[in-house]
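Go by the hints and put chain B onto chain A.
Letter by letter, the chains look like this.
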Amino acid sequence: MRIATQASWAACGVAATIVIMAVATLWGGRVEERAQRQRREIDEIVLAVLQFRSASDDHVTGRLDSTEKLWAAVATRHQWLVGHGYDLGAEEAVLLDDLKRRIVSAQRILAELSTLAASDAEDESGRLLLAQMQRRLVAHQQDSLSVAYRLATIADARVEHAHRRLADITLAGLVSITLVAGALFGLFRRNVLRPVGQLADATRRIAAGHWTYVPLRHSNDEIGDLGRNFDAMVEALHATLARVEHGNEALAVANRELESFAYSVSHDLRAPLRSLDGFSLALLEDYGQRLDAEGRDMLERIRAASGRMATLIDDLLRLSRVTRAQLNHAEVDLSALAGEIARSLAVERPERKVECHVEQGLRVDGDPALLAIALRNLLENAWKFTGKRDEALVRVGARRDAAATEYYVADNGMGFDMAHAGQLFGAFQRLHLQSEFPGTGIGLAIVQRIVQRHGGSIRAEASPGRGATFYFTLGERTPGPAEATMTR
Amino acid sequence: MITPGRVGLLVAALAVVALLGSCDSRRRDIDRLTIALPNSAGAALIHTADARGFFAEESLDVTLVATPHGQGAAELLARGEADLAAAAEVVFALSVAKGENLAVLSALSTGGRDNAIVARRDRAVTAPRDLAGKRVGATLGTSGDYFLRAFLVRHRVAPGSIALVDVQPERIPQALTDGTIEAAATWHPFVTRAQQALGSNAIVFIEEDAYRRTFVLFGSAENLRTRRATMQRVLRALIRAEAFILSAPEQALRLAADRMNMAPEGLRATWRDQRFRVDMPQSLLITLQDVIPWAVARGRAPAGRVDFLAHMDLDALREVDRARVTMLR
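Chains A and B are the protein sequences, given in the same order.
Using this note's numbering, you'd call the opening residue of the first sequence number 1 and step up by one each time.
Using this note's numbering, you'd call the opening residue of the second sequence number 1 and step up by one each time.
Treat the hints as calculated values from the structure; they're not laboratory data.
Yeah, the Cβ is synthetic: ideal placement off N, Cα and C, and Gly gets one too.
Just so you know, not all the hints are guaranteed correct.
Said to hold, decoys possible - Distance windows between CB atoms, simulated:
id : chain 1 : residue 1 : chain 2 : residue 2 : range
1  : B       : Asp258    : A       : Leu171    : 45 to 51 Å
2  : B       : Arg305    : A       : His163    : 47 to 53 Å
3  : A       : Arg108    : B       : Arg79     : 38 to 44 Å
4  : A       : Ala15     : B       : Gln251    : 43 to 49 Å
5  : A       : Arg40     : B       : Pro302    : 51 to 57 Å
6  : B       : Gly304    : A       : Gln36     : 50 to 56 Å
7  : B       : Gln168    : A       : Arg40     : 49 to 55 Å
8  : A       : Leu179    : B       : Leu309    : 56 to 62 Å
9  : B       : Ala229    : A       : Ala181    : 50 to 56 Å
10 : A       : Arg40     : B       : Arg305    : 40 to 46 Å
11 : A       : Leu171    : B       : Pro68     : 57 to 63 Å
12 : A       : His163    : B       : Ala310    : 39 to 45 Å
So here's chain B without its partners, still in its complex pose:
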């Protein structure tokens, strides 16, 4: 029997359902975002957040665009084909030095064993000093290029004593085997591929005291400022990915390898060395500042001092978790 009381109850129930529905529709207000990133362990947090659905849970529809190297990601960003780019800090420093108005949203990882020199033993390279007078390949404007310079300095080999050859990373194994170059400065997974291509003829030099690569997530300063809420959602998703990597490192490794079309074993060597952390460390500024004289000397950046601190978007991360920002402004 329909009574006034029952009708009232039904109306109330419908109101609750409508309210819940409106809440749900608000939740479905999804932000679309494109992130350009290279196939590198340094960008594993982004792959993990995407694969685990952390971006989606933050109401973000993220499209990942893979590039051969960080420089490629920066170029996509510069062309407006990506909202954010993930790359080594060297790439970011060069872009800023060229006058692009970029800002770092967060550091993603640091590692000292990701970059390496792979050389041919049969070309009398058995020690770092043997590189003098050799043709050494590197992808110009990348962390490989910067690492080569730092490596040479560390071992007191005059940078001008080598013949630098610009080689795209995927071409390095071939260039080494066919003798176009006698050594190459690159990063994983190209280090492993070059090693495999040379077999027992390969010799690898790692020098973590010279350079620890920091992967950063950056974008146009304007974009980061106007889309602050979206960027904070990105940061939250990345922090969840960080926790996932800490709690299930093996699963995270396999997941990242799968995303980067790599065998887990190929990634494992550099993975162990990576420290994945969404933060803004003070030490980042040291490397960034060091890039400039090198870039100017190579003619890749105009002379002049760059204030990198002005290119750090500290507020977004600080509002998410202030303890993660140790950079002083």
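One chain only, chain A, in its complex shape:
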């Protein structure tokens, strides 16, 4: 059943329970109210009987009018009880009838007594009649009181019963609501909370890279739909990941072949290049006197070109080595390494006045040799592009946030236009003229390759004439491809 349908049924169930409880409470309240009112009416009857007795005791004083009124009051109450459709009960009906009969009889006796003359008491039959009437009157009074007492007892019992029933209704209502609430919570827990929890657990595991996800049995409701969609998504993700892994492997093979090819080509090109340079030098030395100035200039150009080509081949080989080198992880004190490189640069270029600030305590996990190459390239860049500053400033430090730690090398050199930032890390890409800042344009490509091999990334922020900052991260050591498998 769909959750929306279940919710509708649950709402109907709760509403029905509340309505039933409200109706039952209302009904119980009415019954109690009627019982209370009935009890009050019975009280009035009891009171009337007591007054009737007092009045009949005074019959000799001739207060018959008061007894008439009292009986009228009793009769009115009796009529009221019957007329209002109260469930008087068989015994009450009999008792009320008996009471009525006794009071009527007592009235008759009282009326007759009032007609007896004083002289009648002197007559034997008169005395006997008087004594008989008085006995009957007293008997009626006593029986009427007994009846009134019994009526009051029954009315009390009815009030108590009504009160107890109201309490029972309230208790039953509370129990019903508790049961309904419990049942709803049970359903909610079984149909919503548990599957959502399982899905949340599955997403958490997958987000953490644990692909050991076993699809669940999904119900035929909205949560079930969500689960099925989640399964489909995981399956699609798995397929995509497999394709990416396959592509990465192919790419890695191609890269390795390409690097091997580049290394071989570079290596193989060095021999003819050495011949070219050697023979050009021999020609210049042995036959230079026979050549005119233009001929010698051409030979010099050939030699300069072969020298540049040798440098390019060396750079290519360096890049290739960086890519192919085996990573040997160890803890690296980046601060110490930067300081050492800075000092060596100061020795190599004594004419430069460069102020270098290195933040202390920068420790990373990585390959010490490769990180030294990367850091040297970045610092050499900073040295180079601050060459036209009288007061060059180079800073090495780190920025930390919750996600990662970003290391940087900043300078106040020439900077560059961020519009060309995309070309920065390409091999042999240059943003400045060779005549201004010599170089092959391979340094930042090497840095990027090293950072990537450590699982990190590199970016730059700069503006022309205001210096440049290179930020790089070194990723956490992640499980190898063998660990990142998904079980379907």
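Then chain B, alone, in the frame of chain A:
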């Protein structure tokens, strides 16, 4: 396969069955009781309790012995042939006045229209005062006898002005038709039978302001005291019969009529007037005390005052339902 656990379970089950059996045998400890009672609506509670099995459910084996009148029931009690007797309070009062050590267990019913005077119109009886000088039949020592006296007093007819004839109740219709008597004081069903015997010649006088008969269940004071538990079971059965009459009056009427070998219609007239209630009302003492001077005057009881309160076994009913005892001691 029989395991020790199963054997234990079987033993436990047998123990439970034995225990239940012993409880059941205790329940079957039945008290035997004989109740003498006349065929009168006043004793309907006893008939109802017996017919509905309320006595049996209280583990009582009750034998009902029908008598022509309450006096007969009292005589059976006096002879030890009954444990309890049901009769009008007049009968009980006379028995006590004669020195019998009896006690009332409970009142059973009251009614003001059960007793009546049936007279012959052709003997110039058209009003109560016309009874003076007539031969009036009554069963001496019964409520009919007492009612006749109360009726005469009520209508200021000197009791000595009539010729009282002792007639057994079943003989009254015949005595009226053959002229042995000109009027009779009796109770239902003999009132109806006399009326039917006289046909249009009958005139009936009812006077509920003079006397309301109370039927009581009584026994030897000693017996009631020593068999208190049994008497309480009797009372419980009668209270259940009372509830049954209230809840199903028509069914109860037919059942009582059947028990008394009467047509339901013959019982209906007096049934409506009866108030069936197991209680001990204070007003009972008034009638009982009034019986004595009458009985002494008629020579049916020795002179002297009787303390009827001492002949009321209030405790048995009080322990069953104290609200039913309004008599003060």
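Do the beta carbons of A:Ala15 and B:Gln251 sit within 43 to 49 Å of each other? 46 Å, holds
Could you see if the CB distance from B:Asp258 to A:Leu171 stays within 45 to 51 Å? Since B:Asp258 and A:Leu171 have Cβ atoms about 46 Å apart, the given range 45 to 51 Å holds.
Does the Cβ pair B:Gly304, A:Gln36 satisfy 50 to 56 Å? 53 Å, holds
Is the gap between the beta carbons of B:Gln168 and A:Arg40 within 49 to 55 Å? 53 Å Cβ-Cβ, so the 49 to 55 Å window holds.
Given the range 57 to 63 Å, decide if the beta-carbon distance of A:Leu171 to B:Pro68 lies inside it. 59 Å, holds
That 51 to 57 Å hint for A:Arg40 and B:Pro302 (C-beta), does it hold up? 53 Å, holds
Has the hinted range 38 to 44 Å been met by the Cβ atoms of A:Arg108 and B:Arg79? 42 Å, holds
Using the beta carbons of A:Leu179 and B:Leu309, state whether their distance is inside 56 to 62 Å or not. 59 Å, holds
Consistency of beta-carbon spacing, A:His163 to B:Arg305, with hint 47 to 53 Å: 49 Å, holds
C-beta pair A:His163, B:Ala310: status relative to the range 39 to 45 Å that was hinted: The hinted range 39 to 45 Å holds for A:His163 and B:Ala310, with Cβ atoms some 42 Å apart.
Take the C-beta atom of B:Ala229 and the C-beta atom of A:Ala181, compute their distance, and say whether it sits inside 50 to 56 Å. Holds - the Cβ-Cβ distance for B:Ala229 and A:Ala181, about 52 Å, lies within 50 to 56 Å.
Distance restraint evaluation - A:Arg40, B:Arg305, Cβ atoms, bounds 40 to 46 Å: 45 Å, holds
Violated hints are absent here; each numbered hint is respected by the structure.
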